[in-house]
Amino acid sequence: MSEAAMLSLSKSLGGRLAGNATLKAGLVLSGLILFLGFVAPFLDPVNPYTIHPSHALQAPNGQFLFGTDELGRDALALLLSGGFTTLIVALPAALLAFFIGVTYGFLSGLGPAWLDRLLMRLLDVVLALPSLIVLLFFAALVPQSNFNLILLLGLISWPSLARLVRNEVLAQRGRDFMLAARQSGASSAYLARVHLLRVIAPILVVNGTFMIGDSVLATSALSFLGLGVQPPQESWGSLLQGALDIAALDPWWLILPPGLLIFGALLAASLTGQGLLQIWGNKR
Amino acid sequence: MMKMILRRLASSCLSLFILVALVFFLAHLTPGGPAYSILGQKATPESVAQLNQRLGLDQPLLKQFGLWIWHLLHGELGYSYLLNRPVGQLLWVYERNTLIFYTVSIIISTALSIALGLIQGVWFGRWPAKLIGAFQLGFYALPPFFVAAMLILWFAVDVHWLPASGIIDLRDPHAGIASFAAHLVLPVTTVSLLTVSSLSRYFGEAVHEELGKDYVRTARAKGVSFASILFRHVMRNALRPLITILGLSFPYIFTGGVIVESVFNYPGLGWLMWRSALSQDYPILIAIVLVIGVLTVLGNLLADLVNGLLDPRASYE
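These protein sequence lines are chains E and V, in that order.
By the count of this note's numbering, the first sequence reaches residue 284 at its end, each step adding exactly one.
By the count of this note's numbering, the second sequence reaches residue 317 at its end, each step adding exactly one.
Please note that the accuracy of each hint is not assured.
Reference listing, derived: stretches of chain V covered by chain E, where coverage requires no fewer than 3 residues with Cβ under 8 Å from a Cβ of chain E [to be verified]:
no.	stretch
1	15-25
2	153-160
3	292-299
Honestly, the hints are just simulated from the structure, not real lab data.
Just so it is clear, CB atoms sit at the ideal spot from N, CA and C, and this is done for glycine as well.
Go ahead and model the full structure; you've got the sequences and the hints to work with.
Below you can see the structure in the form of structure tokens.
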């Protein structure tokens, strides 16, 4: 490759990445959240479960940088371990929902017409039930553990992706390259793997990113309602709930940080997704 | 038009049937089956067998399903052992609170969304629209419980302007309507902020898009005033997506409700759902899942019908 061609290629790729402020902000924020969730808890030597009764409910000070809660636990350590728990539930759950959604969408889009009609009708009804309501029902039903929580969130959060994938597969199915591939004897599985997956990859990546945000929100919401991560483990949602229980004492240092971190995680996913959408949208 | 209404009704009926079947299946997933969830987990085997016989639960599954629908049609939704009252009665009491809360919230949200959306559409790309855009992006990503927590912290704890939780019973002679309204302010503000952030964006985009269309240019060329174009023509077309979204978000506004109602301890349907989930009161959970599902299907149907009335073209789509 000539130098000029190299330069133009790196410019187009790097230029798109660097030129898009939304994507850059999203990636930086995502990196920060991932660092706080997966690295920082192991750098902080303070045990989040150690109780200091004589230092209960202290505002941030020299000894406790983020203050202490009503039991005298170090708020910073709780925040970091809470972040780890939130992400260790939310990320696998999003991954599970992603795989179910993609599989369901491909089955519906590539399968025979009767299967498509059946699967879509079922989807309509499933989508008619707000996911938080269904989540509450099942959260009451199954024994509470982080593993069950991941299964629950994963098994419930896929329907909107499934519809999107199915519509996209249907739209691509009639295009010339697909017909040509089918003419030359390609099976549905081969078509799905080699052709379709490549064409709709951008859409999958963008929506997968959005799903991570939704999953963090669902995990936090359930924990906030007392039906998610269970004590003694804490998550951002349960920390916020605990702080709100004693809201009358004005513990702003316990309410602001977990709330801002959930907001940060949602914003990170949303900005990254929007940014990717912008650069891929331009390419098309 | 008539044909479209009939088609939509038939399709909704089919959805409702699948929904009822799905909820019936859910009811059978509860530990010990419906009889246990009606009698409570401490029920003796004899009383369970007795109730199973009385309710027809010892019959084949298909016949059970038929009986269940029969009971539903007669408004028999089961019995809450926790609150010791028939579920149908309970639902109505709590639903009334939610209705008051959401009617107020939806009216305020829709009015604000239309106002903000108009500004955004007319001044597209200039600073008023950009300001509104920043508000929309910020609040779109804010979790409802965090918004609620901040409002409580500022207005209820720091400045003591408003009560943080609860509701005042209107039948209590000492609690005036002013106190009742004061208790509604923070929950309604929370829901409205979140709803407006997404609704106004859709409406603003629709207004902007409509303003660029040929019929607007033609009308201007004819000398029709801008106000007349905006309010008589553009509004009418731009409202269509807003109505669809309002119809679709009918249940989602409600799910936001579980969180908002639980934060503010507002005894509505969302609050009841939350408490029932915490105490595993299955008859209520099942009834609420059913009610929400039915409301959703009806919300979609209603949005389609209103759109059909606003724009006859929609009924042929």
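Hints and how they fare:
{"no.": "1", "hint": "15-25", "in the structure": "holds (count 4)"}
{"no.": "2", "hint": "153-160", "in the structure": "holds (count 4)"}
{"no.": "3", "hint": "292-299", "in the structure": "holds (count 4)"}
In terms of the numbered hints stated before, the structure departs from none.
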